[in-house]
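**Student:** Residue-level listing of the chains:
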Amino acid sequence: MTAEPLLEVTDLVRHYPAGKGLLGMGSSKGVVKAVDGVTFAIGPGETFGLVGESGCGKTTIAKLILRIEPPTSGRIMFDGRDVARLTGKELLAYRRSVQAVFQDPFGSLSPRMRVADIVGEILEIHTSMTPAAIATRVGEVLDLVGLRPDQARLFPHEFSGGQRQRIAIARALAADARMLVLDEAVSALDVSIRAQVITLLEQLQADLGVSYLYIGHDLATVSHLADRVGVMYLGRLCEVGDSVTVSTDPRHPYTQALFASALPHLPDDADAAREVAVPVTGEVPSALNPPSGCRFHPRCPLAEARCSAEEPVLVQVDEAHHAACHLLPLTVGRR
Amino acid sequence: MTGDVLLDVQDLETEYRAFGGSRVIKAVDGVSFTLEAGQTIGLVGESGCGKTTTCLSIMRLLPAGARVTGGRVLLEGRDLAQLSDREMQHVRGNEIGMILQDPMASLNPLFTLYDQVREPAYHHRGLRGGALRERVLSLLGSVRIPSPEVRMREYPHQMSGGMRQRIAGAIALSAAPKVIIADEPTTSLDVTIQAQYLDLLKSLQRDTGVGLIFVTHDLGIVAKMCDDVMVMYAGRTVEHGPVRQVFGQARHPYADALLRSVPKMGSKEPLFRIDGQPPNLADLPPGCAFEPRCPHAITECAQAVPPLLEVGPGHTSACIRSVELAAAGAAAPGADGGEA
Ligand SMILES: Nc1ncnc2c1ncn2[C@@H]1O[C@H](COP(=O)(O)OP(=O)(O)O)[C@@H](O)[C@H]1O
Ligand SMILES: Nc1ncnc2c1ncn2[C@@H]1O[C@H](COP(=O)(O)OP(=O)(O)O)[C@@H](O)[C@H]1O
Ligand SMILES: [Mg+2]
Ligand SMILES: [Mg+2]
Chain A
1 MTAEPLLEVT DLVRHYPAGK GLLGMGSSKG VVKAVDGVTF AIGPGETFGL
51 VGESGCGKTT IAKLILRIEP PTSGRIMFDG RDVARLTGKE LLAYRRSVQA
101 VFQDPFGSLS PRMRVADIVG EILEIHTSMT PAAIATRVGE VLDLVGLRPD
151 QARLFPHEFS GGQRQRIAIA RALAADARML VLDEAVSALD VSIRAQVITL
201 LEQLQADLGV SYLYIGHDLA TVSHLADRVG VMYLGRLCEV GDSVTVSTDP
251 RHPYTQALFA SALPHLPDDA DAAREVAVPV TGEVPSALNP PSGCRFHPRC
301 PLAEARCSAE EPVLVQVDEA HHAACHLLPL TVGRR
Chain B
1001 MTGDVLLDVQ DLETEYRAFG GSRVIKAVDG VSFTLEAGQT IGLVGESGCG
1051 KTTTCLSIMR LLPAGARVTG GRVLLEGRDL AQLSDREMQH VRGNEIGMIL
1101 QDPMASLNPL FTLYDQVREP AYHHRGLRGG ALRERVLSLL GSVRIPSPEV
1151 RMREYPHQMS GGMRQRIAGA IALSAAPKVI IADEPTTSLD VTIQAQYLDL
1201 LKSLQRDTGV GLIFVTHDLG IVAKMCDDVM VMYAGRTVEH GPVRQVFGQA
1251 RHPYADALLR SVPKMGSKEP LFRIDGQPPN LADLPPGCAF EPRCPHAITE
1301 CAQAVPPLLE VGPGHTSACI RSVELAAAGA AAPGADGGEA
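As you go down the protein sequences, you meet chains A and B in turn.
Under our numbering, the letters of the first sequence match residues 1 to 335, in that order.
Under our numbering, the letters of the second sequence match residues 1001 to 1340, in that order.
Among these hints, one or two may not hold up.
Said to hold, decoys possible - Computed cross-link-like contacts, DSBU-like style, restricted to lysine-lysine with a CA-CA straight-line distance of at most 35 Å:
#1 B:1178 with B:1026
#2 B:1264 with B:1202
#3 A:63 with B:1268
#4 B:1268 with B:1202
#5 B:1264 with A:63
#6 B:1178 with B:1202
To be clear, the hints were calculated from the coordinates, so they are not data collected in a lab.
One chain only, chain A, in its complex shape (with noise of 0.2 Å):
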């Protein structure tokens, strides 16, 4: 990354109050640590991707950005400019530029508005564009996406799974956002159509040179799209660096055990795996309490006595690749 960095994220925390969400009266037991102190960067034109397994906060990292919630503590920069303290239309044009695309596209499209309209709002809210212009311009991002712009006069309900993440596309790119937030946005659809999905974000960052924050569990597409790519686990970042650099070649234990645990692509590949998969047993404990240290030693295969003792920070381990872990250089090559 040479420019500039478009979003900077310095030692993000979000805690959550325990027993709170299901029935509103827990006792303060302790706090959840959904994000506990991430910093990453993403420039612009570039994809940054983010995994790990459920509950470890990535979800909680797109709320944070899209000021869907406030942080705990920690600093978002967008483009130079403290994202906090975003008032008025300085706010509004963060909205603009910072566009979401989740997981289920139907949830988040107004069943009973029609495509143009969908699409057009944000026009709406963002521009002042007229009518005409708006319908102009829904045409153009539908053909933008793969649709046609007579497509506009329908209702999200007649369109399949895959046409329906396309309009959200559509409509998160209408007002010319500069950075779209995708938090598993390919991951509900099927094989073709996610392959469809894909080559189009891919296409649209070659052509508008948008930046990607993606969110995936599926670690083969998350290394297809990201240049590069964070692995979280309960609440922190163990591992940061090139997404092929870390797909191939992970250092941090854990992100081992998690590309171990990836499906082979072909059957010999399954074979080849078995041999050096790095056992990890267990399941993630909750964020509730996270374990003391490195909150990755009740399952570390190589733990040690200072593992859960002092909590590792991310050291460089290469040009552009980062992990935390006390026993980095014997972690080389486990693979």
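Chain A is already provided as a structure; the job is to place chain B with the ligands on it using the hints.
**Tutor:** For chain B with the ligands alone, coordinates are given in the frame of chain A:
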């Protein structure tokens, strides 16, 4: 390891009827396969192609409005259609186990794990007292439930998703069935939990010789788990054969395109894109259902439904151009088998 034919599905056809029969959907159209002891066959295809309906037809668990309209299902030579409901119920608990995508669908929230896992062993195997308790403990242990003596007194809501799915597996295994049908059992699980679960199923299969039908939309699962694969499209089999052969050189353009549209770990190679979407089953074209999306289609493809043709040992493809395209190397550059 493999050997006797356990299950023989011949030309299965199943229809859903809606609006008083004015709308007929042929969800399964002429599906055939055999399953041997210790073998795993993958049923793969995109949503709506008829995978679940195939399984429900085998199990005789179709919803109202659906009907098997052709073909036979033989379990060790017995035609399942000829069995009484009572006999079929016995087959379901005792000889064919089922694991579903949503484990809560096979778990009763009101009963403890002990009661649920015990049930098939009690009814179908006739185990009682200490022997029954032992069986439940060993099943929970075999699906790696930690401290089973404690956990067996708990309820499904006290378990994580991965644990619930393992318990659904224990229930399916409880009566020691010959065949297990697993319908997308790991779709809702995280990758590490999924890998643990798949390894577990494999090791249980090694121990018991159970035949597995694995339904999935994920080709990676097929690569990891299956001996044979059957690729379905719009209710029909388009390609069927040994996994290594199909993944090495897919012979049907849809199967080939599907394999090449999946991202490969650490690879930036552009994905192959199949345009369009699967057809509406209520309104199928007269010819090959993939013809409208197929890059290799010719006039004849739109005229009649192509039959399954043998393209290799135990390997069939429903494309009239299979042989010609393979010779030209067009439909079958394979999935780049040689690349690291
Ligand atoms: N509103 C909330 N109240 C309490 N806990 C929450 C809330 N939202 C998320 N969490 C918790 O924060 C953690 C991270 O959740 P999330 O960001 O959704 O993870 P991911 O997207 O990686 O699956 C989880 O333990 C989750 O239960
Ligand atoms: N209860 C039902 N009534 C009518 N049509 C159904 C019903 N269940 C499934 N279908 C149709 O049958 C086809 C096959 O469905 P299914 O077997 O569930 O596919 P898969 O499991 O491959 O996703 C689909 O097109 C679906 O719309
Ligand atoms: Mg999430
Ligand atoms: Mg299904």
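**Student:** Look at each hint and say if it fits the structure.
**Tutor:** Taking the hints in turn, this is what the structure says about them:
Pair hint residue 1178 of chain B plus residue 1026 of chain B holds up; C-alpha atoms about 29 Å apart against a cutoff of 35 Å. For the given pair, residue 1264 of chain B sits about 24 Å from residue 1202 of chain B by alpha-carbon distance, which is consistent with the 35 Å threshold. For a cut-off of 35 Å, the pair hint linking residue 63 of chain A to residue 1268 of chain B stands: about 29 Å separates their Cα positions. A threshold of 35 Å between alpha carbons decides the hint, and for residue 1268 of chain B with residue 1202 of chain B the separation of about 32 Å falls inside it, so the pair holds.
For the hint linking residue 1264 of chain B to residue 63 of chain A, the alpha-carbon distance of about 29 Å falls within 35 Å, and the restraint holds. With a CA separation close to 14 Å, the supplied pair residue 1178 of chain B and residue 1202 of chain B stays within the 35 Å bound.
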